[in-house]
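**Q** Each residue of the sequence shown is one higher than the one before, counting from 30 in the working numbering.
A few of these clues could be false.
Lysine-lysine pairs mimicking DSSO-like chemistry, simulated, CA-CA at most 27 Å apart [unchecked claim]: (1) Lys63 <-> Lys135; (2) Lys46 <-> Lys113; (3) Lys46 <-> Lys63; (4) Lys60 <-> Lys108; (5) Lys206 <-> Lys245; (6) Lys32 <-> Lys255; (7) Lys135 <-> Lys101; (8) Lys175 <-> Lys254; (9) Lys54 <-> Lys101; (10) Lys254 <-> Lys199; (11) Lys70 <-> Lys135; (12) Lys245 <-> Lys135; (13) Lys175 <-> Lys108; (14) Lys239 <-> Lys175; (15) Lys135 <-> Lys199; (16) Lys255 <-> Lys245; (17) Lys101 <-> Lys175; (18) Lys199 <-> Lys215; (19) Lys111 <-> Lys46; (20) Lys60 <-> Lys46; (21) Lys206 <-> Lys111; (22) Lys70 <-> Lys54; (23) Lys70 <-> Lys111; (24) Lys254 <-> Lys135; (25) Lys116 <-> Lys199; (26) Lys135 <-> Lys202; (27) Lys116 <-> Lys215; (28) Lys32 <-> Lys46.
Pair by pair, the computed Cβ-Cβ distance ranges are [claimed, not checked]: (29) Glu251 <-> Ile131: 32 to 40 Å; (30) Leu73 <-> Asp237: 18 to 26 Å; (31) Pro203 <-> Gln66: 18 to 26 Å; (32) Pro203 <-> Pro36: 37 to 45 Å; (33) Gly142 <-> His209: 24 to 32 Å; (34) Lys60 <-> Pro260: 44 to 52 Å; (35) Pro203 <-> Glu134: 25 to 33 Å.
Don't read these hints as lab results, they were simulated from the structure.
Don't be surprised by glycine CBs; every beta carbon is placed ideally from N, CA and C.
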Amino acid sequence: MPKGIMPQIGLGFTGGKDTGAGLDKEVADGKYNKQLQAFYKMLLDLDRPSFTRIGYEFEGDWNGYSPESFKKVFITISKAFKEKNIKSATVWCSGGGSADFISLEKLMTYYPGDQYVDWWGIDIFSPEEFDHIGLQNFFDAAHIHKRPVMIGECTPRFVGVLDGETSWDKWFKPFFKMLHDNPGIKAFCYINWDWEYWSNRNGFPWHDWKDARIEKNPFVLEAYKKEMEKPLFIHLNNK
30 MPKGIMPQIG LGFTGGKDTG AGLDKEVADG KYNKQLQAFY KMLLDLDRPS FTRIGYEFEG
90 DWNGYSPESF KKVFITISKA FKEKNIKSAT VWCSGGGSAD FISLEKLMTY YPGDQYVDWW
150 GIDIFSPEEF DHIGLQNFFD AAHIHKRPVM IGECTPRFVG VLDGETSWDK WFKPFFKMLH
210 DNPGIKAFCY INWDWEYWSN RNGFPWHDWK DARIEKNPFV LEAYKKEMEK PLFIHLNNK
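All chains, please: the whole structure from these sequences, using the hints.
**A** Here is the structure:
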């Protein structure tokens, strides 16, 4: 792995393919301590800064986590990172619009506490999410808690890239506007793949999410490159 790259790890505790078979209680009760120790060793061997989205999309019914068990696991892992001097920032990552933007009050029942959370995170997929008050409420709450925000996952769900300028205007344009309008957002991770292909291969219900590979449309590719040239973004220099 090239020097300077910081992995972003999604650490889930589920027993099925988006079926709500959450194993957070079992993890909290110590039944998966061996697996956690292996995870800690992997991070120590990696020996570089990283981000870990612990129990990402925690409120999503496809995970099936309970607030108390989820918080217990999050705190356990956060403490282990500090005790072992693991160079991974903890990310408390919401499912956002995919979880119907539950109220902030309900969302905070899953919050382990500022002392255990380094970053707030939220995942963004469909274009209607950009204008939803729930998204802005999340950004505002992160600011109150003095935590930087990561867009842990994003992809133009139901839009894709193949319609060129139409795809750009419908998803990418409001996405980049959101980044510029909210300086508390300090990182984003884009899922650059063909959702139908991976849905068929892995057995997930993503068949109508379309092809999100930026390089598959010349207009989207060039417009994306122009955005990346703006001073808002920091790039790795491998020279």
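**Q** Hint by hint, note whether the structure agrees.
**A** Evaluation of the provided hints:
The suggested pairing of lysine 63 with lysine 135 is violated, with an alpha-carbon distance near 32 Å, which exceeds 27 Å. Of the pairs offered as hints, the one joining lysine 46 and lysine 113 is violated, with about 32 Å between alpha carbons and a cut-off of 27 Å exceeded. Using a Cα cut-off of 27 Å, the hinted pair lysine 46 and lysine 63 holds, with the two alpha carbons roughly 23 Å apart. For the hint linking lysine 60 to lysine 108, the alpha-carbon distance of about 18 Å falls within 27 Å, and the restraint holds.
Distance hint between lysine 206 and lysine 245 is fulfilled; the C-alpha atoms sit about 23 Å from each other, no more than 27 Å. As the CA atoms of lysine 32 and lysine 255 are separated by approximately 25 Å, the hinted pair is consistent with the 27 Å bound. Taken as a hint, the lysine 135 and lysine 101 pair is honoured in the structure, with Cα atoms around 17 Å apart against an allowance of 27 Å. About 31 Å separates the Cα atoms of lysine 175 and lysine 254, which puts this hinted pair outside 27 Å; it is violated.
For the given pair, lysine 54 sits about 9 Å from lysine 101 by alpha-carbon distance, which is consistent with the 27 Å threshold. Between the alpha carbons of lysine 254 and lysine 199 the distance comes to roughly 18 Å, so the proposed pair stays at or under 27 Å and holds. As the CA atoms of lysine 70 and lysine 135 are separated by approximately 34 Å, the hinted pair breaks the 27 Å bound. Of the supplied pair hints, the one linking lysine 245 and lysine 135 is violated, its CA atoms being roughly 40 Å apart against a limit of 27 Å.
As the CA atoms of lysine 175 and lysine 108 are separated by approximately 20 Å, the hinted pair is consistent with the 27 Å bound. With a C-alpha separation of about 36 Å, the suggested pairing of lysine 239 with lysine 175 is violated against the 27 Å cut-off. For the hint pairing lysine 135 with lysine 199, the CA-to-CA distance comes to about 30 Å; that exceeds 27 Å, so the pair is violated. The hinted pair formed by lysine 255 and lysine 245 meets the criterion: a straight-line CA distance of about 16 Å does not exceed 27 Å.
As the CA atoms of lysine 101 and lysine 175 are separated by approximately 22 Å, the hinted pair is consistent with the 27 Å bound. A threshold of 27 Å between alpha carbons decides the hint, and for lysine 199 with lysine 215 the separation of about 23 Å falls inside it, so the pair holds. Between lysine 111 and lysine 46 the CA atoms are separated by roughly 31 Å; this puts the pair beyond 27 Å, and the hint is violated. Of the supplied pair hints, the one linking lysine 60 and lysine 46 holds, its CA atoms being roughly 20 Å apart against a limit of 27 Å.
For the proposed pair lysine 206 and lysine 111, the alpha carbon gap of about 36 Å is over 27 Å, so the pair is violated. A C-alpha spacing of about 23 Å is found between lysine 70 and lysine 54, which places the hinted pair at or below 27 Å, so the restraint holds. The straight-line distance between the Cα atoms of lysine 70 and lysine 111 is roughly 14 Å, inside the 27 Å bound, and the hint therefore holds. This hinted pair does not check out: lysine 254 and lysine 135 have alpha carbons roughly 39 Å apart, beyond 27 Å.
At most 27 Å may separate the alpha-carbon atoms for a hinted pair to count; lysine 116 and lysine 199 exceed this at roughly 38 Å. Between lysine 135 and lysine 202, the direct Cα distance comes to roughly 31 Å. Violation of the 27 Å bound is thereby established for this hinted pair. This hinted pair checks out: lysine 116 and lysine 215 have alpha carbons roughly 18 Å apart, not beyond 27 Å. Taken as a hint, the lysine 32 and lysine 46 pair is broken in the structure, with Cα atoms around 34 Å apart against an allowance of 27 Å.
Checked against the hint of 32 to 40 Å, the pair glutamate 251 and isoleucine 131 passes, with Cβ atoms roughly 38 Å apart. Range check, leucine 73 to aspartate 237: Cβ separation about 41 Å, and the 18 to 26 Å hint is violated. Take proline 203 and glutamine 66: their Cβ atoms lie about 43 Å apart, and the range 18 to 26 Å is violated. The hinted range of 37 to 45 Å is not satisfied by proline 203 and proline 36, whose Cβ atoms lie roughly 28 Å apart.
One distance hint, 24 to 32 Å for the beta-carbon pair glycine 142 and histidine 209, holds here, with the actual separation near 31 Å. A hinted range of 44 to 52 Å holds for the C-beta pair lysine 60 and proline 260, which are about 48 Å apart. Checked against the given bound of 25 to 33 Å, the beta carbons of proline 203 and glutamate 134, roughly 27 Å apart, stay inside it.
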